[in-house]
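Turn these sequences into a full structure, and let the hints guide you.
2 protein chains.
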Amino acid sequence: MAKEKKLVEAITPMDEDFAKWYTDVVKNAELIEYSGIKGCMILRPNGYAIWENIQKELDRRFKETGVENVYMPMFIPESLLQREKEHVEGFAPEVAWVTHGGNEELTERLCVRPTSETLFCDLYSNIVQSYRDLPKVYNQWCSVVRWEKTTRPFLRTAEFLWQEGHTAHATAEEAEERTIQMLNVYADFCEEVLAIPLLKGRKTDKEKFAGAKATYTIEAMMHDGKALQSGTSHNFGDGFAQAFGIQYTDKDNSLKYVHQTSWGMSTRIIGAIIMVHGDDSGLVLPPRIAPTQAVVIPIAAHKEGVLDEARKLKYVIEAAGIRVKLDDSDKSPGWKFSEQEIVGIPARIEIGPKDIEAGQCVIVRRDNREKTVVAIADAAAELQRVLDEEQKDMFERAKKHLYDNLFEAKDYETFKDTIANKPGFVKAMWCGELECELKIKEDTTATSRCMPFEQEQISDVCVCCGKPAKKMVYWGKAY
Amino acid sequence: MAKEKKLVEAITPMDEDFAKWYTDVVKNAELIEYSGIKGCMILRPNGYAIWENIQKELDRRFKETGVENVYMPMFIPESLLQREKEHVEGFAPEVAWVTHGGNEELTERLCVRPTSETLFCDLYSNIVQSYRDLPKVYNQWCSVVRWEKTTRPFLRTAEFLWQEGHTAHATAEEAEERTIQMLNVYADFCEEVLAIPLLKGRKTDKEKFAGAKATYTIEAMMHDGKALQSGTSHNFGDGFAQAFGIQYTDKDNSLKYVHQTSWGMSTRIIGAIIMVHGDDSGLVLPPRIAPTQAVVIPIAAHKEGVLDEARKLKYVIEAAGIRVKLDDSDKSPGWKFSEQEIVGIPARIEIGPKDIEAGQCVIVRRDNREKTVVAIADAAAELQRVLDEEQKDMFERAKKHLYDNLFEAKDYETFKDTIANKPGFVKAMWCGELECELKIKEDTTATSRCMPFEQEQISDVCVCCGKPAKKMVYWGKAY
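Chains as they are written, first to last, in the numbering used here: chain A, 3 to 481; chain B, 3 to 481.
Everything labelled a hint here was simulated from the structure, so no lab data went into it. Worth double-checking, as some hints may not be accurate.
If several chains are the same, the list does not tell them apart, and a pair holds so long as it fits within one copy or across any two.
Calculated pairs, EDC-like style, for lysine to aspartate or glutamate (alpha carbon to alpha carbon, straight line, at most 20 Å) [to be verified]:
id, residue 1, residue 2
1, LYS314, ASP413
2, LYS58, GLU96
3, LYS338, ASP462
4, LYS58, GLU70
5, LYS40, ASP329
6, LYS473, GLU91
7, LYS65, ASP390
8, LYS87, GLU410
9, LYS65, GLU54
10, LYS314, ASP190
11, LYS228, ASP282
12, LYS327, GLU70
13, LYS402, GLU96
14, LYS58, GLU391
15, LYS208, GLU80
16, LYS472, ASP19
Predicted, not measured: the structure shown is a model, and the values here were computed from it.
Dropping the structure here:
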């Protein structure tokens, strides 16, 4: 019973210490284990299975838009990384360097990829010759390394898993179209599958990707009101193409530079799932992404017929295409309920001797603990209905949280006061100058999250300096 | 037309120069591209799609046996790698070392994983306490690095993709059972999906994995008679458990060491697919693994109705669950046929004005170019039948090649003569001594491939030294 007690007590309440709550959930749900290497985490089966589902769903959506997967080397020669000036300045300070192979010192240092723009550019410069070779719409699933000083599971780690898409196009228009298309793929995926509502927009120059002409982003709001950048899509114009000499012969026989994009989503998004949906009992997984969507828990399993009936129920539900498990271990039902809640399985089905006698079972939702008594014969269909409702309610709840905490400020005092006292984002006008972004960060620790596609004219002047405003910006503290 | 000519001439005939044929096929089928880093290759869409199908099929088979996927860090601290003596001796000479993170020198060197036994052991020592925590049957899909001096696409590269399974069990019996079970998963997969027949057996001590108690292997025979080790499964006993202190409390409250296994299959297997099935026109992919199983090629596509009919045909075939493409580009049909043959698409469907008039189309198999005229209405069903037959015939052909080139030798002169003059393997008896293995390698360059599970008593004495024989061994030159 000692361990049972520990399970329940182990999670710090969110309102007491959100950061502590987060690491407690990550550890107790057995999503990760710390490794012996600072900042590198082990993705345990519960954590990796979420990533597998994300991969499966995103990969299908990518391929529907014509994406082809490839695999690039994990090493980048130092000279190649240095080919594009802004890019190397952005990444060099945080890369890991391989200096020796076997017992020999290498003639040129290799960095472990922090991102693979340079490798894809090198490839495209070799395989793109004619307009017939375009577009190239490649993607890879891999791990990347960024030598971070302070790390937190999923949110910031020295090594993380992601996908990175890299495309080359004949025209600037096509590249811009692909950049926005992939941002929308991410946004739809997050909203439909992860039940995470988003704000979409463009990053300011200060916040954009090293070497990009424009970076677009989807920003999610966590339970504590902070932002998590959940996916980005970059338009490089022909900057990289010029640095790497990626040219093609067009139909009119003229030599032109290609236009490029890149876009990525990483295991960071699992941090968003946790911080948008979790509660004081643990993880709450949206049904559409949950590795296990429901668990059948027999009550008084030792009584005749109970286990048999529970087993039958599991098979019927499985046959209906729902990812279901049966917990027939010798733990107590209460213990099993706690486990289901900690790991965030969206529904449990309780079935005991009295239920069987009445020809029924009880479905309990994870998110709001709502119980539904259903006939055993209807269990699979009813469960599917409950899961669909739960998915929808989770999204609506998160959306309400986002819009309830989206404040507005017309003057700097209101702005600072809102950032300081209200968890959430602030909409405010901006003059477009880096100076104001830096001052706002200095005064409030908030950064510009994005310039939303749907602009509103809140006022005519910059909230910070009072000069004429150019853009409405969402500001917030961020992970 | 210049390019068209190049396509046809680019592949060196197998019998002229098998090694050159191999690299020509790999390059012309656009499976890989060389990268700027020596020994690191780029897997292009045609190559990576094969690996994706291998992953999908193997992963499903793994999970049916209870395997759970995880992700471990790509770095191993030097001290951790050194924990098991034999293991470090086997791998240290060929690892890449990270010495700097960002601008700082690391206090301890990290190697890029050549394999992850040490990381899994470290994890298991933390998460295994009781018999209730066993077995642990984990696997990961990742890339590993071994700093090879001479490299060849797929067969030997500095970085390659693989899966590595690592398990921990309460008893020695269970570990041995799992070792053999996974070997059989590999063997069944190779035979059923890749149409590659295998010899199964145990490695000699000289050839076994660094740190293993026993290594089991599946060995395939390439077209040139050389062996390719296609998958291995290792039983570690409790050696690693002792080195890493992985103990559990058993039901009787006594403290025991776990028993471990590991098993892996890599992108090397793609080399086997190429060298078992390929021909002078290029790649020949078994239908069950081919990313594209059939391509519809319109003849005289400019004539009215042809493209429409070709498109309809493609949709009907797709709806039947066959992975099909339509080649409606403006290239000539002959050019399209060549491309289909180079990349190894198992079947093409030709459809032209005369076919349409007659309500028929022509299915052409890739492996033997056999043509079947079928009614358009039956095309999908007939194509499936043709693909099934092709898969079966490819396996039978490869099996005949294997057994036709499996020779026997009772004395050393016959042995040496056979290895020198006949491409294939030689069955011969062995005394069990390392000395004879070394002498055979020195005299013939052949190595022991495996001690097959099904032993035959060819003679009573070792083929090399004449002392009493202990085992029958398959010997051969190997990739």
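Against the structure, the hints come out as follows:
no.: 1; hint: LYS314 / ASP413; result: neither (64 Å within a copy, 63 Å between copies)
no.: 2; hint: LYS58 / GLU96; result: neither (30 Å within a copy, 34 Å between copies)
no.: 3; hint: LYS338 / ASP462; result: neither (58 Å within a copy, 61 Å between copies)
no.: 4; hint: LYS58 / GLU70; result: both (14 Å within a copy, 16 Å between copies)
no.: 5; hint: LYS40 / ASP329; result: neither (36 Å within a copy, 51 Å between copies)
no.: 6; hint: LYS473 / GLU91; result: neither (28 Å within a copy, 62 Å between copies)
no.: 7; hint: LYS65 / ASP390; result: neither (26 Å within a copy, 27 Å between copies)
no.: 8; hint: LYS87 / GLU410; result: neither (38 Å within a copy, 64 Å between copies)
no.: 9; hint: LYS65 / GLU54; result: both (16 Å within a copy, 13 Å between copies)
no.: 10; hint: LYS314 / ASP190; result: neither (36 Å within a copy, 31 Å between copies)
no.: 11; hint: LYS228 / ASP282; result: within (18 Å within a copy, 61 Å between copies)
no.: 12; hint: LYS327 / GLU70; result: between (34 Å within a copy, 14 Å between copies)
no.: 13; hint: LYS402 / GLU96; result: neither (38 Å within a copy, 55 Å between copies)
no.: 14; hint: LYS58 / GLU391; result: neither (23 Å within a copy, 31 Å between copies)
no.: 15; hint: LYS208 / GLU80; result: neither (25 Å within a copy, 39 Å between copies)
no.: 16; hint: LYS472 / ASP19; result: neither (38 Å within a copy, 68 Å between copies)
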